[in-house]
Amino acid sequence: KAGVTQTPRYLIKTRGQQVTLSCSPISGHRSVSWYQQTPGQGLQFLFEYFSETQRNKGNFPGRFSGRQFSNSRSEMNVSTLELGDSALYLCASSLASDTYNTEAFFGQGTRLTVV
Amino acid sequence: GQNIDQPTEMTATEGAIVQINCTYQTSGFNGLFWYQQHAGEAPTFLSYNVLDGLEEKGRFSSFLSRSKGYSYLLLKELQMKDSASYLCAVINDYKLSFGAGTTVTVRA
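Order-wise, the sequence lines are chains A and B. Residue numbering for the first sequence follows our numbering, beginning at 1 and increasing consecutively. Residue numbering for the second sequence follows our numbering, beginning at 1 and increasing consecutively.
Calculated from the structure, these hints are not laboratory results.
In the EDC-like style, the derived pairs of lysine to aspartate or glutamate whose C-alpha atoms are separated by at most 16 Å in a straight line are:
#1 A:Lys13 - A:Glu82
#2 B:Lys76 - B:Glu56
#3 A:Lys57 - B:Asp93
#4 B:Lys57 - A:Glu103
Quick look at which bits of chain B chain A covers, simulated, 3 or more residues with Cβ under 8 Å:
#5 39-46
#6 96-103
Beta carbons are placed, not taken as given, at the ideal position from N, Cα and C, and that holds for glycine.
Please work from the sequences and hints to get the whole structure.
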């Protein structure tokens, strides 16, 4: 079956701009999570969606937002980009509904560079 | 808050055994995951523990002690392809919090 698809794979933006990243989960998966990965901070949780509802969010400023559509595809948006937003943004999908022990499958990520 | 600690680096010889420890202090606990991440690739699932004890899956085993806030991942019969970063992660209320990762280097 097709894996988690993230687009675009690479992106270069200028400070102050905004960016939208897309994630298509594995067919049948209704939970989508987003993470930021940097060499200094490691993998940091951004938010998790299930059936178009955000169930939890990490400690990121309001410039980071997301949403999930009825087909479970998800987007995350970062407004007013800062140099420190340069990172690999990973999306993961799982079957999780009200249980926690389901494996999360990660996409290849979007490498965002802010200049 | 969430505090998840694991060693930064470990080196071992092909065919040997390596144990990666993870200690955690989190505001809640719904389970602990181990993920493997090769350089430039996405993390891949290795194991999930929610009850105390050892879970064995082929060459990989994972142990959990909830009372001690402690887990370890045991890699047996190391192969060169096991050179990667190993991430310990605690899930609480649908939020997955990761440790910084342990880079394991396998030498011939």
